[in-house]
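The task is simple: from the sequences and hints, build the whole structure.
Each chain, written out:
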Amino acid sequence: MPAETFSTTDVVMPQLGVSVIEGTVIRWLVAPGDEVAADQPLCEIDTDKIVTDIPSPAAGTLTEILVNEGMTVEVGTTLARISTGATNADRAGGGEDARAPGEDPGCAPGWMGPDPTGPARHPAEGKRDGATAPSPSMPVAGGAYHSPVVQRLAAEHGVDLASVVGSGRGGRVRKQDVLAAANGDGGRPLHIESPYRPDAEPAGQLSRMRRAIGAHMKRSLDTAATCTTWMEADMSRVEAARRGAKASALLGITPLPIVARVAMDALREHPALNATLEGDRYTRHDAVHLGVAVSLGEDGLIVPVIRDAHTLSVEQLGVAIRELARRARKQQLTPDEVTGGTFTVTNPGQFGSLMATPVINQPQVAILDLEVVVKRPIVVSDDDGNDVIEIRPQTILGLSWDHRALDGAQAAQFLGALRRRLEAWDG
Amino acid sequence: MPTMTYLEAISDALREQLRADERVFVMGEDVGAFGGAFKVTDGFVEEFGEQRVIDTPLAESAIIGTAVGAAVVGMRPVCEMQFADFVSCGFDQLVNVAGKTHYRFGLAVPIVVRLPSGGGFSGGPFHSQNPEAWFMHAPGIKVLAPSTAEDAKGLLTAAIHDPNPVVFLEHKHLYRRVKGEVSSGLYETPMTARIAREGSDLTVIAYGAMVHAALEATEELDASVEILDLRSLVPLDTEAILTSVAKTSKVLIVDEANETCAAGAQVAALIAERAFEQLDGPIRRVATPDVPIPFSPPLEQAVLPSVERIRDACRDLLDY
Chain A
4 MPAETFSTTD VVMPQLGVSV IEGTVIRWLV APGDEVAADQ PLCEIDTDKI
54 VTDIPSPAAG TLTEILVNEG MTVEVGTTLA RISTGATNAD RAGGGEDARA
104 PGEDPGCAPG WMGPDPTGPA RHPAEGKRDG ATAPSPSMPV AGGAYHSPVV
154 QRLAAEHGVD LASVVGSGRG GRVRKQDVLA AANGDGGRPL HIESPYRPDA
204 EPAGQLSRMR RAIGAHMKRS LDTAATCTTW MEADMSRVEA ARRGAKASAL
254 LGITPLPIVA RVAMDALREH PALNATLEGD RYTRHDAVHL GVAVSLGEDG
304 LIVPVIRDAH TLSVEQLGVA IRELARRARK QQLTPDEVTG GTFTVTNPGQ
354 FGSLMATPVI NQPQVAILDL EVVVKRPIVV SDDDGNDVIE IRPQTILGLS
404 WDHRALDGAQ AAQFLGALRR RLEAWDG
Chain B
116 MPTMTYLEAI SDALREQLRA DERVFVMGED VGAFGGAFKV TDGFVEEFGE
166 QRVIDTPLAE SAIIGTAVGA AVVGMRPVCE MQFADFVSCG FDQLVNVAGK
216 THYRFGLAVP IVVRLPSGGG FSGGPFHSQN PEAWFMHAPG IKVLAPSTAE
266 DAKGLLTAAI HDPNPVVFLE HKHLYRRVKG EVSSGLYETP MTARIAREGS
316 DLTVIAYGAM VHAALEATEE LDASVEILDL RSLVPLDTEA ILTSVAKTSK
366 VLIVDEANET CAAGAQVAAL IAERAFEQLD GPIRRVATPD VPIPFSPPLE
416 QAVLPSVERI RDACRDLLDY
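Taken in sequence, the protein lines are chains A and B. Using the numbering used here, read the first sequence as starting at 4 and increasing by one per residue. Using the numbering used here, read the second sequence as starting at 116 and increasing by one per residue.
FYI, nobody ran anything at the bench for these hints, they're computed from the structure. Watch out, some of these pointers could steer you wrong.
[Said to hold, decoys possible] When the alpha-carbon atoms are kept at most 30 Å apart in a straight line, the in silico DSS-like pairs for lysine-lysine are as follows:
#1 Lys378/A - Lys294/B
#2 Lys362/B - Lys333/A
#3 Lys221/A - Lys333/A
#4 Lys294/B - Lys154/B
[Unchecked claim] A short, non-exhaustive set of chain A residues, derived as facing chain B with CB atoms under 10 Å:
#5 Pro151
#6 Val152
#7 Gln154
#8 Arg155
#9 Val168
#10 Arg172
#11 Arg214
#12 Ala218
#13 Arg325
#14 Arg329
#15 Gln353
[As the list claims (entries may be wrong)] Which bits of chain B does chain A cover? Going by a derived footprint, with three or more residues having C-beta under 8 Å, they are:
#16 138-150
#17 399-413
Quick caveat: nothing in here was measured; it's all calculated off a predicted structure. Just so you know, even glycine gets a beta-carbon here, dropped at the ideal spot from N, CA and C.
In structure tokens form, the structure reads like this:
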């Protein structure tokens, strides 16, 4: 293979997130000999629960695949090579992909073209009917229709719609995408399309995501000395504030961001719980990077992380949680958005659950479990010290914690602080 | 503030107006001795007498015609159609006489025609309809459709005070199901839309019973959904509609009425014409298909806009 003689571009395993060190090639979308356009997806890479398309770094012909499907390699490993500068089919007739379905590529896969930046000089050029090598570019979705508001906002903000990654159905550019691009928030994932595709695996076999979840959970249970502590809390003030929020930013907010906010205040009091334990290395963290478990329905579960969540207000947390959940359900999270958490909350209460024993999200040392809020008759003391039965919205706060890092007293003290703050909550 | 059902709030408004203004009187089939088919005027004949709480024959044309005459000579009649469906018998008096008298003769016709409307209780094709759009298409008539007890009282009060003929749609399904705090004093609710819930991702426009269906359908959605309760169909609060659409760029319109030419069709046309450059998705509608309302409960539930249908349409728009 005279690869070194000709101009080639390597396709390397990209760094899909600062914390990612390796990835697995799930599927090749092209075969040796195929023409590829710049940015055309070449293969799917799996890093834990996130599947990402790897875009072609250049236009040309894929000459060889070095890492086969199923292999796991480190970041930086060369996955494949692309010969640039010429293509292997006569495409003088049209600008679109000239390879008809079933057509055999007319040239040996090993054929290498010249550097695309210089004039075509390779002797083989003559065999190609003198046709100038076309410069394949990313096929623009020529028929892409943009909604009226998208067109107007793009014009107002000077946004080039061709460069905006759409988050709508079928990659449609939505109003939010234009506004994000206008705000310079275009640093979206490396992939062109949604990175995740539901597995079409044989019946009876677990999906890749299920296997990843299973491995994580099993590893946590095998690693940690998991205990769960529960405490009841009176949610009257939280519920009253939510109900009373007629027009404020709290309107429509669920208890989750409120409990998360209060939990982070309680973590300040009990920093031992905002920590990670890796082997014998126990590290407390100043910042709270808050993991929030998001159910993906039958597909599984993912825990996106809100970085520096302790700096956010209840309203900001509400927005952040909603946005992460939305993007999680659309499979638009980047690998960095699901790692680096220091503490996690899970909210099975939204489905009516009364009590659960959540599994700790390794290498964290605790996970808070928010359960359903139900009205219950409870005994309280009135101002005169008489016991009376009142109807109060109650919930059970659960905390699974790692007995290697903590003891029950700390878990209970943390829950106590959380309860105290919730019961005294004044927005 | 006392808590009242939607029905009690309507009764309360009528009672207060009968007490406050001797020109006000009520008339309709069984409104007197029987207290009304739905008991809205229960006890009225005892308090106000047969001269002001008038039982009429089964003749809607006569009821509305009499009301027009009384209004022209200075009275403030409030007519009850036993079911909204039967207003068709009084159509000429309402649409051609009441609605046009001011334009033809310069005479005000301050009448209110109460229409117990809507389905959901196996009433079948003659007792379940939502005929509001007929009157939206007849200039000279105002059309109100409250969804809450507070608005039911305030809008009925405003209707009685209004110098124009007003058709007042009171949804039967809400009569005893919807409760709320209602001021005991005299107040008017403006004939404008109300934001039932604020949101930023999607606007759902509804009125009457569908406001509650829309609220329920969007309660658990993972998105910020604005619910706009129109309250008044004529006049239509175009400013509130366009403001909300400009904010969210996506809109779903829900009618319990049959789909073709329903109030929601007019709202959709307004948005298409005046808010085109604000839209980031198709204007979607959920309404009852163009069929009579079946007696059979499962069939009826299949045609009326359900919480599930509304939720699915919301999800579809949010994903768009």
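Against the structure, the hints come out as follows:
no.: 1; hint: Lys378/A - Lys294/B; in the structure: holds (20 Å)
no.: 2; hint: Lys362/B - Lys333/A; in the structure: holds (23 Å)
no.: 3; hint: Lys221/A - Lys333/A; in the structure: holds (26 Å)
no.: 4; hint: Lys294/B - Lys154/B; in the structure: holds (16 Å)
no.: 5; hint: Pro151; in the structure: holds (5 Å)
no.: 6; hint: Val152; in the structure: holds (5 Å)
no.: 7; hint: Gln154; in the structure: holds (8 Å)
no.: 8; hint: Arg155; in the structure: holds (5 Å)
no.: 9; hint: Val168; in the structure: violated (16 Å)
no.: 10; hint: Arg172; in the structure: holds (6 Å)
no.: 11; hint: Arg214; in the structure: violated (26 Å)
no.: 12; hint: Ala218; in the structure: violated (28 Å)
no.: 13; hint: Arg325; in the structure: holds (6 Å)
no.: 14; hint: Arg329; in the structure: holds (6 Å)
no.: 15; hint: Gln353; in the structure: holds (8 Å)
no.: 16; hint: 138-150; in the structure: violated (count 0)
no.: 17; hint: 399-413; in the structure: violated (count 0)
Violated hints for the displayed structure, listed by number in ascending order: 9, 11, 12, 16 and 17.
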